[in-house]
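> As a plain string of letters, each chain reads:
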Amino acid sequence: MGQQPLAILFLAPLTAISLSLGLRRVRIAEYATVAAAVIDLLISVPLLVRALSSTQILWRGYIRLDTLGAWVILCISVVYALSSIYAVGYMRLLNEEERLPLFYALFSGFAFTMLAACVTNNVGVFWIAIELTTLVSTFLVGFEREAESTEAAWKYIVVVSGGLTLALLGTILFYWGGSFVLGPTYSMTWATLRSSAPKVYPPLLLVSFLLVLVGYGTKAGLTPMHTWLPDAHSESPAPVSAMLSGALLNASMLGITRFLGVVSGASITRFAHSAVVGFGIFSFALAALFIVRQTGIKRLMAYSSVEHIGVQALGLGFGGPLGVAGALYHMLNHSLNKSLMFFGAGNAMRAYGTKEISGIRHVLKTFPVSGMLWLLGAVGIAGAPPFALFLSEFTILRAGIGGRFRWVVIVFIVFLIVVFIAFLAHFRSMYFGEEPEREASRLPEAIWRTLPMWLAFLPLLLLGLWWPHGLWDVFAKIYSGLLGGAQ
Amino acid sequence: MFLAHINSLQASIFSSLAIVSLLLTFVMLGSHWLRNYVYAFAAQSWLIAALSASVAYFSGYKELYAIAVLTALFRGLVLPWLLMRIVGRLNVRREIHTILQPSSSLVIGAFAVMFAFVIANHMNRQQEAAHVVVLALTIMLSMKFLGFLMLSVRDEAVSQILALLVLENGIFLGSQILVPGMPLLIEIVILFDLLIVVACFGMLVRFLVVHAGTTSSRSLNRLVG
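From first to last, the protein sequence lines stand for chains S and V.
Everything in the first sequence is counted per this note's numbering, starting at 1 for the first residue and increasing by one.
Everything in the second sequence is counted per this note's numbering, starting at 488 for the first residue and increasing by one.
In isolation and in its complexed conformation, chain V is listed as follows (with noise of 0.2 Å):
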């Protein structure tokens, strides 16, 4: 077990990469701005990148060399171009708040970080290194739950499209320090998510057709009962 070696200078790299990385999501949640949740989850993916690296670097699994050099080139350029290039058609430049205002989402999303803590200080039973599993937990369930909360409270495709990003994001920055043994998985979902993506953008560039001009899901109120 990796885990249980590590020192206190790796703990604490692992930690503030990961840390970081949940605050971009808290920006995310508070941001007015389309461009800025690109902007913050282009960061987010280069820490993710930076995080697969250090994990190389210190526990010899040199495969994660690769996985972060892809997750940089995907998940930080490629995919952040795409979604600017949506953004810049759609002349949609803000997110409407209908339900939710950001700073009330914003606490709502603190809550849902202590109650993934709580739930994370549950599942681990391992003494060695305890607060970096317990921490990876933690921002792998409550990215969860910013993710969900952004994908309810948000209108926007596009938004849509970056929250269930956010919730992979999740499971991969978490999935780094927990179970860096298996890479060939995780390789396979990099590039899964890209076909994810690929898909809704599809979607998107027909729902654009058909609708001519809206593309906020609060319009998709045809189907109910």
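Isolated chain S, as found in the complex (with noise of 0.2 Å):
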């Protein structure tokens, strides 16, 4: 007992990936992949009650799951599983039958090793997780093989490779300073770099920390490391879009989490909140510049997801219970209202036949019902109530007001108002535009489509409204676990 919901939480992206290499078939293949998808969002939440209850350590000391890593698994099978049924709709728009199979085998491959980087114990093994996502996403945003996406392929694998070399470095620096107290040989978990760190000496763990924080930064697109992001991001296939921002990114956040984590108890914890709210601040401002003036609808959605990354990093730099909650909460309510955005962009692109705001309009004459389901998610997603953004960044700002941040809330405020009003005009344009030039197409069988945005809409209403007390046990007890408290 114990090992068992990890261990299908494991298998059943595995089974989907073998039935899909294995039959070629594609019905198969995509029934498959929403099936794992949905075991394993159910597999999430006992996961995460477990953890709630104790941290373990299973498998000779490689797999940890503690609350933490939990609460990312649940964020990455809510975007799986939303995505993977509007896959089921959409990949079927493509016309590329006869490699879909291979989609979904890379589909669910991402997927798994996702979920991998949140249960590893070993900080190289952690590495290694975050590469393979690398590899694996790379062949899906290059999926449709138009020059523009194999441009934006070629750009994230060699930016992103290239940052995380850096967070090796930094590993290894990690592993270096960690040896002095530890001795030369010793198994590099976090708990054990979190013990050894208050005794490394400062410069060192300073450099070997941003480092970590620019390498993993990269591939959570934190400014102005995001550079490969708004290309993959709009250029892969809509589903794919919604797990690199609504899952990958959270994976990545994840490491940044667990660093500050290692540092909290060493001297220079407070320069280490400082890089992070620095980072978080200048990606929130960059990201709100870029959504003004914006022209794609998909990189529109990218540099939101850049935005909302930034409102993470803050209230993780902030820190106290508040900011981690507020980040946290954040993570869970970025995924759902992320996959939303990006299904409804998919939607249009496919129906309007472009890529450009200024193709689309009157959406709600072509979509009457995922329309508004769209609208409504674009007013969340600016961070209006009565959405869970809302909630979450409110969260945040109470958290890093009182405190040495105060600068930065204010900064923080004028460009969630420049966000709210810029992201709204976008839609404007949108909905209630003048006449469009030419005809939106019918898209056929669009209850595959409708049906996540309804899944993704609905928690995220409820959310808004009302905090499950609950949530709040689990947060309280991730913040005392990134401080080192009994777990």
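Read the hints as simulated data drawn from the structure, not as lab findings.
Heads up, a few of these hints could be off.
To be verified - Non-contacting residues of chain S with respect to chain V, defined by C-beta distances greater than 10 Å in every case (computed):
| hint | residue |
| --- | --- |
| 1 | VAL34 |
| 2 | LEU93 |
| 3 | GLU97 |
| 4 | VAL207 |
| 5 | ARG428 |
| 6 | PRO459 |
| 7 | LEU465 |
Unchecked claim - In silico contact screen, one side only, chain S against chain V (beta carbon under 8 Å); selected entries:
| hint | residue |
| --- | --- |
| 8 | GLU148 |
| 9 | TRP154 |
| 10 | SER161 |
| 11 | LEU168 |
| 12 | ILE172 |
| 13 | TRP176 |
| 14 | VAL181 |
| 15 | LEU182 |
| 16 | PRO184 |
| 17 | LYS199 |
| 18 | TYR201 |
Note that CB positions come from ideal geometry on N, CA and C, so glycine has one too.
Dock chain to chain to rebuild the complex, using the hints, since each chain is given by itself in its own frame.
Listed below in structure tokens is the structure:
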């Protein structure tokens, strides 16, 4: 007992991969992927409950299931489930029938590597898992085999692999620093790094932390290392964009969060938090400016991802129970909301046959139901109540307002207003602008594409109106875990 | 701590292997010809293999022998061979430097090494064998800088793959000296590098198919803003 749910979590996508590749039948691949994703979602909740009662170290210490990891697993599973349902409806529109089994195998493989990153106890293995996510998703980004998507895939793999080598250097320097305290050979787990960090020579620890922050920050899309993100997110098929934005960024933020926990007892922790806040506010401000002048619909969503990763970094950087809770709540809400947004964008792109905002007009005429959901999602992602992102952003603001980052909070508020106006202005033109130049085409099998939008929208509304009390326990537990408390 | 007990002979063997590896990075930085990059990379990989073997001999970490063999085999033979095949097939023999001439990039590279030395000097507190430690850190950091410099001033896909490999070689080289006691991780990373490279090749081939001949990242300018 204890290992079974975890085993199922990984066996489900593995089974989907082998069915897709083994049988090479499109329908089987589709349904196997959806089934695996739903199983993962169903199992991630009991995993979280179990991790809440005690942290489990399994399989000779290589696997660690703690509350933070289980929370990120939940966020990833949500996106995996939603986007695999959406993929069934969306990928059939692409006329790539014979390559679809490969697509679904890569899709589940992508989810598998991200889930693996959440449960590794070894810091080096975590790096490998994150690097594996890059390799698998590169081929998903370039799946459409057009000049643009190949360009995006090339930039993605070069920029992200280059950035991740910095994280590897940082990881090795962390190990070296620890070897002065723990001896030349020790197992490099999160807990050992944390216990040795306060005794490591501070300049060495600082350089190690900054390298790791920049490295995983590249993967998370923090500015100025975000350059791959708008290209990759805008050129990949819509379900993959949702996975990249809603799930992958979370897995990378997990690394940053864990390393913030590692240095939390050391003398550099104040500076470490300032660095994270600095990256956060810079990402947020720059993304806001790009949102203002954006012309492509999916690039708009991609810059919105940079913006929300900035918000999460701000929450983690402000720190304290409120900051951490806000950042983690934001992680789930952003996963839900951004999936909804990419699904809507995918529908619009296919119906109007363009990626440009100026080509999409009168969305409600073409999509009466899913268009309304998309519009409400846009209101939510711009940070308006009663949707969940308002609640998490407000929590992060409260965390920062009284402390030493109060000036950052003021800048944050100003740019929140900028984002709100700019984002909704784009949507106003798409919904209520002048008559379209060309007619939108009707898309078949709408149910597969509308259902996941409902499934994303309803929890978003629910979580915005009501913050379940149990979540406080989860966040409080994660916060005490990061500070090295009893786990 | 193994570095605390090394004698001057061991120190000079490690230092000279490391310094020659750094020089080979400058060879890559200063050359016009794609073939020369690949030769320099192969030679660098062999030096790193020699370093692993000598650390294994002097320190008693026997696992490092296996790593030395794997390094020589994969990084020193298989990868250069694959790269050479690509270079041969591409009909691109030399890199056209539009952003920065090789001579100017050598000067910038020299400044990068000085900067790396300053940082490395601040990071080390250890008294014993301080010169070897600082040298290893300097080379780790400066190969990072040089790799990123190559990545930013070179356009050809093959050069970009090689720059990524230089980034990794730097880490690998430094970690052999600083932390010889973490073999498992390093071992996995070796195999992992290969995966990256294979993926890059896969991308590259498709890239060639789509663009019919151009492998220069300068023509990758559709996605901006």
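> Each hint should be assessed against the structure and marked as holding or not.
Checked hints:
1. VAL34: 27 Å, holds
2. LEU93: Per Cβ check, LEU93/S is outside 10 Å of chain V; nearest 21 Å; holds.
3. GLU97: With a cut-off of 10 Å, GLU97/S remains clear of chain V, as the shortest Cβ separation is near 20 Å.
4. VAL207: 6 Å, violated
5. ARG428: The claim stands: ARG428/S keeps its Cβ more than 10 Å from every Cβ of chain V (closest is about 21 Å).
6. PRO459: 33 Å, holds
7. LEU465: 37 Å, holds
8. GLU148: 5 Å, holds
9. TRP154: It holds, given that the least Cβ distance between TRP154/S and chain V is near 6 Å, below 8 Å.
10. SER161: 6 Å, holds
11. LEU168: 6 Å, holds
12. ILE172: Hint on ILE172/S: holds, closest Cβ of chain V at ~5 Å, below 8 Å.
13. TRP176: With Cβ-Cβ at 5 Å, under 8 Å, it holds.
14. VAL181: VAL181/S check fails; min Cβ-Cβ to chain V is 11 Å, beyond 8 Å.
15. LEU182: 10 Å, violated
16. PRO184: 4 Å, holds
17. LYS199: With Cβ-Cβ at 12 Å, over 8 Å, it is violated.
18. TYR201: Hint holds; TYR201/S Cβ to chain V Cβ min 4 Å, cut 8 Å.
This entry does not satisfy hints 4, 14, 15, 17, going by the numbered hints stated previously.
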